[in-house]
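With the sequences and hints as input, model every part of the structure.
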Amino acid sequence: MAKKKNPQVFMDVSIDGDPAETMVFELFPEVAPKTSENFRALCTGEKGIGPRSGKPLHYKGSFFHRIMKGSSAQVSICIFHLLI
Numbered sequence: 032m033a034k035k036k037n038p039q040v041f042m043d044v045s046i047d048g049d050p051a052e053t054m055v056f057e058l059f060p061e062v063a064p065k066t067s068e069n070f071r072a073l074c075t076g077e078k079g080i081g082p083r084s085g086k087p088l089h090y091k092g093s094f095f096h097r098i099m100k101g102s103s104a105q106v107s108i109c110i111f112h113l114l115i
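At position 43 of the sequence shown the residue is numbered 74 (this note's numbering), and the sequence of numbers has no breaks.
In case anyone wonders, no lab produced these hints; they're calculated from the structure.
Now the in silico label distances, taken between C-beta atoms and shown as ranges:
no.	residue 1	residue 2	range
1	Pro82	Ile46	30 to 36 angstroms
2	Ser93	Lys34	31 to 37 angstroms
3	Glu52	Ser84	25 to 31 angstroms
Below, computed lysine to any residue pairings styled on SDA-like, alpha-carbon distance capped at 25 angstroms:
no.	residue 1	residue 2
4	Lys36	Ala72
5	Lys65	Phe41
6	Lys100	Asp47
7	Lys86	Phe41
8	Lys65	Glu77
9	Lys65	Gly92
10	Lys78	Phe41
11	Lys100	Phe59
12	Lys91	Asn37
13	Lys91	Arg71
Note that the Cβ used here is the ideal one computed from N, Cα and C, for glycine as well.
Take a look at the structure:
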């Protein structure tokens, strides 16, 4: 049996007003199933509005507040009680 491919999601990102470019993320649900699913849902926006926070559950319009070259990027998104 062929190994199942990991799911991928994408974001179109603009930096300092430059034209947006696409970032593709490979998810690893066999390693981190809940994290992978939460990130995927935030990328698609399919969860709509948070039932407790009343805020949209997506990354659209969010800002990267910390970028560590060659390591990681952190996105600032204010969602409380997202998944408990």
